[in-house]
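Number of protein chains: 6
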Amino acid sequence: MFSITVRDHVMVAHSFRGEVFGPAQRLHGATFVVDARFKRLDLDGDDIVVDIGLATRELHAVLADLNYRNLDEVPAFTGVNTSTEFLAKYIADQLVDRVHEGALGEGARGLAGIEVTLHESHVAWASYERSL
Amino acid sequence: MFSITVRDHVMVAHSFRGEVFGPAQRLHGATFVVDARFKRLDLDGDDIVVDIGLATRELHAVLADLNYRNLDEVPAFTGVNTSTEFLAKYIADQLVDRVHEGALGEGARGLAGIEVTLHESHVAWASYERSL
Amino acid sequence: MFSITVRDHVMVAHSFRGEVFGPAQRLHGATFVVDARFKRLDLDGDDIVVDIGLATRELHAVLADLNYRNLDEVPAFTGVNTSTEFLAKYIADQLVDRVHEGALGEGARGLAGIEVTLHESHVAWASYERSL
Amino acid sequence: MFSITVRDHVMVAHSFRGEVFGPAQRLHGATFVVDARFKRLDLDGDDIVVDIGLATRELHAVLADLNYRNLDEVPAFTGVNTSTEFLAKYIADQLVDRVHEGALGEGARGLAGIEVTLHESHVAWASYERSL
Amino acid sequence: MFSITVRDHVMVAHSFRGEVFGPAQRLHGATFVVDARFKRLDLDGDDIVVDIGLATRELHAVLADLNYRNLDEVPAFTGVNTSTEFLAKYIADQLVDRVHEGALGEGARGLAGIEVTLHESHVAWASYERSL
Amino acid sequence: MFSITVRDHVMVAHSFRGEVFGPAQRLHGATFVVDARFKRLDLDGDDIVVDIGLATRELHAVLADLNYRNLDEVPAFTGVNTSTEFLAKYIADQLVDRVHEGALGEGARGLAGIEVTLHESHVAWASYERSL
Numbered sequence: 000m001f002s003i004t005v006r007d008h009v010m011v012a013h014s015f016r017g018e019v020f021g022p023a024q025r026l027h028g029a030t031f032v033v034d035a036r037f038k039r040l041d042l043d044g045d046d047i048v049v050d051i052g053l054a055t056r057e058l059h060a061v062l063a064d065l066n067y068r069n070l071d072e073v074p075a076f077t078g079v080n081t082s083t084e085f086l087a088k089y090i091a092d093q094l095v096d097r098v099h100e101g102a103l104g105e106g107a108r109g110l111a112g113i114e115v116t117l118h119e120s121h122v123a124w125a126s127y128e129r130s131l
Numbered sequence: 000m001f002s003i004t005v006r007d008h009v010m011v012a013h014s015f016r017g018e019v020f021g022p023a024q025r026l027h028g029a030t031f032v033v034d035a036r037f038k039r040l041d042l043d044g045d046d047i048v049v050d051i052g053l054a055t056r057e058l059h060a061v062l063a064d065l066n067y068r069n070l071d072e073v074p075a076f077t078g079v080n081t082s083t084e085f086l087a088k089y090i091a092d093q094l095v096d097r098v099h100e101g102a103l104g105e106g107a108r109g110l111a112g113i114e115v116t117l118h119e120s121h122v123a124w125a126s127y128e129r130s131l
Numbered sequence: 000m001f002s003i004t005v006r007d008h009v010m011v012a013h014s015f016r017g018e019v020f021g022p023a024q025r026l027h028g029a030t031f032v033v034d035a036r037f038k039r040l041d042l043d044g045d046d047i048v049v050d051i052g053l054a055t056r057e058l059h060a061v062l063a064d065l066n067y068r069n070l071d072e073v074p075a076f077t078g079v080n081t082s083t084e085f086l087a088k089y090i091a092d093q094l095v096d097r098v099h100e101g102a103l104g105e106g107a108r109g110l111a112g113i114e115v116t117l118h119e120s121h122v123a124w125a126s127y128e129r130s131l
Numbered sequence: 000m001f002s003i004t005v006r007d008h009v010m011v012a013h014s015f016r017g018e019v020f021g022p023a024q025r026l027h028g029a030t031f032v033v034d035a036r037f038k039r040l041d042l043d044g045d046d047i048v049v050d051i052g053l054a055t056r057e058l059h060a061v062l063a064d065l066n067y068r069n070l071d072e073v074p075a076f077t078g079v080n081t082s083t084e085f086l087a088k089y090i091a092d093q094l095v096d097r098v099h100e101g102a103l104g105e106g107a108r109g110l111a112g113i114e115v116t117l118h119e120s121h122v123a124w125a126s127y128e129r130s131l
Numbered sequence: 000m001f002s003i004t005v006r007d008h009v010m011v012a013h014s015f016r017g018e019v020f021g022p023a024q025r026l027h028g029a030t031f032v033v034d035a036r037f038k039r040l041d042l043d044g045d046d047i048v049v050d051i052g053l054a055t056r057e058l059h060a061v062l063a064d065l066n067y068r069n070l071d072e073v074p075a076f077t078g079v080n081t082s083t084e085f086l087a088k089y090i091a092d093q094l095v096d097r098v099h100e101g102a103l104g105e106g107a108r109g110l111a112g113i114e115v116t117l118h119e120s121h122v123a124w125a126s127y128e129r130s131l
Numbered sequence: 000m001f002s003i004t005v006r007d008h009v010m011v012a013h014s015f016r017g018e019v020f021g022p023a024q025r026l027h028g029a030t031f032v033v034d035a036r037f038k039r040l041d042l043d044g045d046d047i048v049v050d051i052g053l054a055t056r057e058l059h060a061v062l063a064d065l066n067y068r069n070l071d072e073v074p075a076f077t078g079v080n081t082s083t084e085f086l087a088k089y090i091a092d093q094l095v096d097r098v099h100e101g102a103l104g105e106g107a108r109g110l111a112g113i114e115v116t117l118h119e120s121h122v123a124w125a126s127y128e129r130s131l
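Chains as they are written, first to last, in numbering that gives the first Met the number 0: chain X, 0 to 131; chain H, 0 to 131; chain F, 0 to 131; chain B, 0 to 131; chain E, 0 to 131; chain W, 0 to 131.
Looking at chain X on its own, in the form it has when it is part of the complex (with noise of 0.2 Å):
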């Protein structure tokens, strides 16, 4: 199995609910870099895994409709914790859509599986990984 990744990084606002957070129930916030990974059985015909220019502007592109946001406003996480594993699923299906749209290029149609690792802190970090 082959893969490349590529990293990028979003700031975000966002509080918790559930007693599970303690202080993290504030409005607080983060950096993310953000890992993703594009996994492949073989090489494409130019000897890559996919075009790793789209690769990086389609993962900028998903992580821009993040940025700068207070993630509590964003339609789309209503009634969920925006948790940092959270994260990692939505950013890897969001780019999945993207894969699927062709915005990756048409080699991109063979990957195998997508894994998303969302770093919050030197301490502490998330992934998420599915299938294409």
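It is worth saying that the hints were derived from the structure and are not from the lab.
Just so you know, not all the hints are guaranteed correct.
Unchecked claim - In silico SDA-like links for lysine to any residue, alpha-carbon gap of 25 Å or less:
hint, chain 1, residue 1, chain 2, residue 2
1, H, Lys-88, B, His-121
2, E, Lys-88, B, Val-19
3, X, Lys-88, X, Val-19
Claimed, not checked - Partner residues are not named here, just some residues of chain B that face chain X (Cβ under 7 Å, in silico):
hint, residue
4, Gly-17
5, Ser-82
6, Glu-84
7, Phe-85
8, Tyr-89
9, Ala-123
10, Ala-125
11, Ser-126
12, Glu-128
Backbone N, C-alpha and C fix where the C-beta goes; we use that ideal spot for every residue, glycine too.
For chain X, the structure is supplied; the task is to place chains H, F, B, E and W on it using the hints.
Chains H, F, B, E and W alone, transformed into the frame defined by chain X:
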């Protein structure tokens, strides 16, 4: 598959037995930067994998039993080489015990697996992964 | 010149005022990974710069006052932009106050300077350095 | 499953053929920071996955054949793009050959798999994983 | 003293002349992860050292002139070894020129100094620091 | 001012004397990731600060004398606490001796200073800086 990972560290002395270890047969030491990764198929009712506060606390507790010790004198390690990979399994198993005891919360009983990685330097690390 | 540095982090929400900030004028957030460096011309009688346990505890205490907060609502920050560089100075000044109060031990009164660096992402950080 | 990973690096020149590569069709270069991960179901009689000294030596030997070279002139790479993901497979395959030759010790014949990751910058990396 | 630092990278080919360079006299390449640090005695009216958006844009522009190139063919570098430390000075000087041209904003004219660090691998980096 | 930095590591056991050290008074150990920074006002005739190959070799040689040892038994350290900051000075001084002996090449006699940083974990490091 979802996961969250928390990081801590431990500083220990130890020595190895066996020609394969060369100068590491002498009493020396290491800082192990320890990453504990908790995996789960679905998020729980709070939209998380596990309470990150409890995960951090329990990892710290497991490491506290080893921290600032000479592992050659720890009864649990009699007769084995406390290699980085061996310690990764030891710490993973201790965390699983704590999950079963409920120390990581009731939701943690739904965890699918745990992976522990120990970084012994900037150029070497080891890991152990198991299901729950 | 000797120094020791300890690292911790803080997660906050805030917004900026001024066209120069573009979309960061919206309420958003950040994780700041914070490095506090303590400088001293000579080592003390214990052969150290400062008690690393106290340095870690006091940095954590300074950050606890900010952690999981919306900085726009913190009275101490009224009328200023809580930029990364501004916060580096704020935290450094708080640490200096604690040194003068004796919270870092008697030996800490011999410190020559403090430098605080805040990492806001993998591609941007800011610092402030001052003498004691 | 256990694993150990060792890190080294290599500095090469190369160019790519294909419109997808844009300006990278020009002769340029890269530092690849290379992580070689060795997997094994159980520890051997010395309580390790593989002799870390031999793993380090053999990874260095594989990279020495590429280091400070223009990959466009290496016969083994004629007609292919030496993309980061392609090189990850090349290095993994070379390591597997060395395992089979006994260069990583007799115990290494019990390895389950090898994964090689090449970091081409702080924001992009690629990997290849195979069984033995 | 305040500072902010932004990070980007560049991928180049080059060769060195001189026995001291050993195998690096051959055409090879490098990824340089580049940190540009901007220093200022006091914050400006917006409570910042310099507009981080402009700093990022101008560093990227300086690197774009070098990116995906064989430095042996760049006229500006005729007759010199494009060592990591030499390139750190070249990039710092280019940034200072842009500050003087106003490309980093009017406030940037108050900068005290610039330091550029180039990471050539996980085990080696070089820097150049100058006043404005 | 120019500088180049090279990184290596060392794994040692030791213990501390003094109440300030708490549990670190017990025999324990550490991995120190060691950065040696060499400073010079101008580049030499080869357009470098110092031969990076010799710098790497000499740092490795200095660390080899400490590696896989119990520092409590090293005669040079009798009666002192081998704190991270103390060891930073010890290594810097050893490197300066080697510069004076010519081990880093004739050009190294033009060095202005050396700074050594020891990382004892992901959250703590110490350094010592001196002129030549």
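Results of checking the hints against the structure:
As the CA atoms of H/Lys-88 and B/His-121 are separated by approximately 30 Å, the hinted pair breaks the 25 Å bound. For the given pair, E/Lys-88 sits about 33 Å from B/Val-19 by alpha-carbon distance, which is inconsistent with the 25 Å threshold. Distance hint between X/Lys-88 and X/Val-19 is fulfilled; the C-alpha atoms sit about 21 Å from each other, no more than 25 Å. Here the hint on B/Gly-17 is kept, as its CB sits about 5 Å from the closest CB of chain X, short of 7 Å.
Given the 7 Å rule on beta carbons, the hint for B/Ser-82 holds: about 5 Å separates it from the nearest Cβ of chain X. For B/Glu-84, the shortest C-beta to C-beta distance to chain X is roughly 5 Å, which falls under 7 Å, so the interface hint holds. Evaluation of the B/Phe-85 hint against chain X yields a held restraint, the C-beta minimum of about 5 Å falling below 7 Å. With 7 Å as the threshold, the beta carbon of B/Tyr-89 stays out of range of chain X, its nearest partner Cβ sitting at about 11 Å, so the hint is violated.
Below 7 Å, beta-carbon pairs count as interface contacts, and B/Ala-123 has one with chain X at about 5 Å; its hint therefore holds. About 4 Å separates the beta-carbon of B/Ala-125 from the nearest beta-carbon of chain X, less than 7 Å, and the hint is met. Hint status for B/Ser-126: holds, given a least beta-carbon distance of 5 Å to chain X, under 7 Å. Interface hint status for B/Glu-128: upheld, as the beta-carbon distance to the closest one in chain X is roughly 5 Å, under 7 Å.
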